[in-house]
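So the sequences go chain by chain: A and B. Under this note's numbering, the first residue of the first sequence carries the number 286, and numbering increases by one thereafter. Under this note's numbering, the first residue of the second sequence carries the number 4, and numbering increases by one thereafter.
It is possible that some hints are incorrect.
Lysine to aspartate or glutamate pairs mimicking EDC-like chemistry, simulated, CA-CA at most 20 Å apart [said to hold, decoys possible]:
(1) A/Lys462 <-> B/Glu42
(2) A/Lys462 <-> B/Glu20
(3) A/Lys462 <-> B/Asp18
(4) A/Lys462 <-> A/Asp450
(5) A/Lys462 <-> B/Asp65
(6) A/Lys462 <-> B/Glu59
Simulated DEER-style distance windows between Cβ atoms [unchecked claim]:
(7) A/Gly439 <-> B/Gly75: 52 to 60 Å
(8) B/Ala106 <-> A/Pro362: 26 to 34 Å
(9) A/Ala425 <-> B/Thr5: 25 to 33 Å
(10) A/Asn380 <-> B/Gly75: 20 to 28 Å
(11) A/Ala314 <-> B/Pro22: 51 to 59 Å
(12) B/Glu59 <-> A/Glu480: 25 to 33 Å
(13) B/Gly75 <-> A/Ser458: 21 to 29 Å
No lab work stands behind these hints: they were computed from the structure. For every residue, glycine included, the Cβ atom is placed at its ideal position computed from N, Cα and C.
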Amino acid sequence: MEEAVRHDALALERRLAAAGDVELVAACAEGIPEAFRELLSRYRRSAVGLAYQMLGNMEDAEDVAQEAFVRVFVAIPRFRGQAAFSTWLYRIVTNLCLGDRRRRRRTVDLEAVREPRAADNPAGCVTDGLLAGQILAEMAVELRVILLLREQEGLSYRDIAEALDLPLGTVRSRLSKARMTFRRLWNEALQSGEEQQ
Amino acid sequence: MTCILFERQLSSYLDGELPAARAARLEAHLRRCPHCRAELEAMGGIADHIRAASREMQVSQDFDQRVLRAMGYWQVTGRPIAQPRMLKPLLVVAAILLAITGAVRYYLSQPYRPPMPAPRGAALVAPASPGGTVVPERERR
Ligand SMILES: [Zn+2]
Numbered sequence: 286m287e288e289a290v291r292h293d294a295l296a297l298e299r300r301l302a303a304a305g306d307v308e309l310v311a312a313c314a315e316g317i318p319e320a321f322r323e324l325l326s327r328y329r330r331s332a333v334g335l336a337y338q339m340l341g342n343m344e345d346a347e348d349v350a351q352e353a354f355v356r357v358f359v360a361i362p363r364f365r366g367q368a369a370f371s372t373w374l375y376r377i378v379t380n381l382c383l384g385d386r387r388r389r390r391r392t393v394d395l396e397a398v399r400e401p402r403a404a405d406n407p408a409g410c411v412t413d414g415l416l417a418g419q420i421l422a423e424m425a426v427e428l429r430v431i432l433l434l435r436e437q438e439g440l441s442y443r444d445i446a447e448a449l450d451l452p453l454g455t456v457r458s459r460l461s462k463a464r465m466t467f468r469r470l471w472n473e474a475l476q477s478g479e480e481q482q
Numbered sequence: 004m005t006c007i008l009f010e011r012q013l014s015s016y017l018d019g020e021l022p023a024a025r026a027a028r029l030e031a032h033l034r035r036c037p038h039c040r041a042e043l044e045a046m047g048g049i050a051d052h053i054r055a056a057s058r059e060m061q062v063s064q065d066f067d068q069r070v071l072r073a074m075g076y077w078q079v080t081g082r083p084i085a086q087p088r089m090l091k092p093l094l095v096v097a098a099i100l101l102a103i104t105g106a107v108r109y110y111l112s113q114p115y116r117p118p119m120p121a122p123r124g125a126a127l128v129a130p131a132s133p134g135g136t137v138v139p140e141r142e143r144r
């Protein structure tokens, strides 16, 4: 009997792991706890990562991502699948981050992110990831978020428009501006690095 | 000079979002402009840099648990937990306070009983207390 129950649970877990987001959302609407867990394991890193790059510190990022998941999960029975689950989640993460930033204009954390990190690195050089994080922190938040949704999460222009509630044309021009800004700051950072050596 | 105009189209071109006619003009420019070619390639590398920025990031082990717990709270109360990190200690304090008040109220509500109950037979012989039940020490004051 117990063996059979365990076997069923395992089979369910395996089925959910292979399921698409749409099926998982339907399973969540039926209140299957394993479906919530599966969605969490799929999008935990993305949601926290997006919030982290927007807020600049891990504790706030996890709080925001947690609240976003709760909002999405609680609303799932009313979700009609107008957008992809991921787009919906990113939209809420983004809105919470923007609200969070407005509430308490972060000062300390951003300064910590902006400081050159060469000294932390035993090899004496700033890694790509470190430099990219610094540059993102310097960018205006509306450019940063669009760059993250496209380059980190791989959203289509249409999904970005949906997530940020922007017209498609604005997504196109803003993403272009964001990439050009990133490139300019990247080149400047490399040049100042060379001058220091 | 015209490079600036073409550079603005590189992003959409990279994503296949540039209309065909404009894409053709841009491609013609790319064939003779090494600067814009290099820029296009560098732009294509941004994704790698940005993904590298989050690679070291570690999500807390109890993240999922916190979400599921907060979800249960929301469904019961209809509102999110303001400070999820504070919930557990608050619950512990509330439980201890509840236990203490409960114990005190129970103790006060009990009539006084001798520490060792007398055997059944002995009760018949034992002298009855003057007022029937004995009032507890503290209530006599
Ligand atoms: Zn050119």
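The hints, checked one at a time:
Note on A/Lys462 and B/Glu42: the hinted pairing holds, with a Cα-Cα distance of about 14 Å set against a maximum of 20 Å. Restraint check for A/Lys462 and B/Glu20: satisfied, since their Cα atoms lie roughly 15 Å apart, inside the 20 Å limit. The suggested pairing of A/Lys462 with B/Asp18 holds, with an alpha-carbon distance near 14 Å, which does not exceed 20 Å. For the suggested pair A/Lys462 and A/Asp450, the alpha carbons sit about 18 Å apart, so the restraint of at most 20 Å is met.
Only pairs whose Cα atoms come within 20 Å are accepted, and A/Lys462 paired with B/Asp65 is rejected, the gap being roughly 38 Å. For the hint pairing A/Lys462 with B/Glu59, the CA-to-CA distance comes to about 27 Å; that exceeds 20 Å, so the pair is violated. Between A/Gly439 and B/Gly75 the C-beta distance comes to about 32 Å, which lies outside the given range of 52 to 60 Å. Against the hinted window of 26 to 34 Å, the Cβ-Cβ separation of B/Ala106 and A/Pro362 comes to about 42 Å, which falls outside the hint.
Distance hint check for A/Ala425 and B/Thr5: the Cβ-Cβ separation is about 27 Å, which falls inside the suggested range of 25 to 33 Å. For the pair A/Asn380 and B/Gly75, the beta carbons lie near 24 Å from each other, so the given range of 20 to 28 Å is met. A beta carbon spacing of about 40 Å between A/Ala314 and B/Pro22 contradicts the range 51 to 59 Å that was offered as a hint. Under the hint 25 to 33 Å, the C-beta atoms of B/Glu59 and A/Glu480, about 27 Å apart, fit the expected range.
Between B/Gly75 and A/Ser458, the C-beta spacing of about 44 Å breaks the proposed range 21 to 29 Å.
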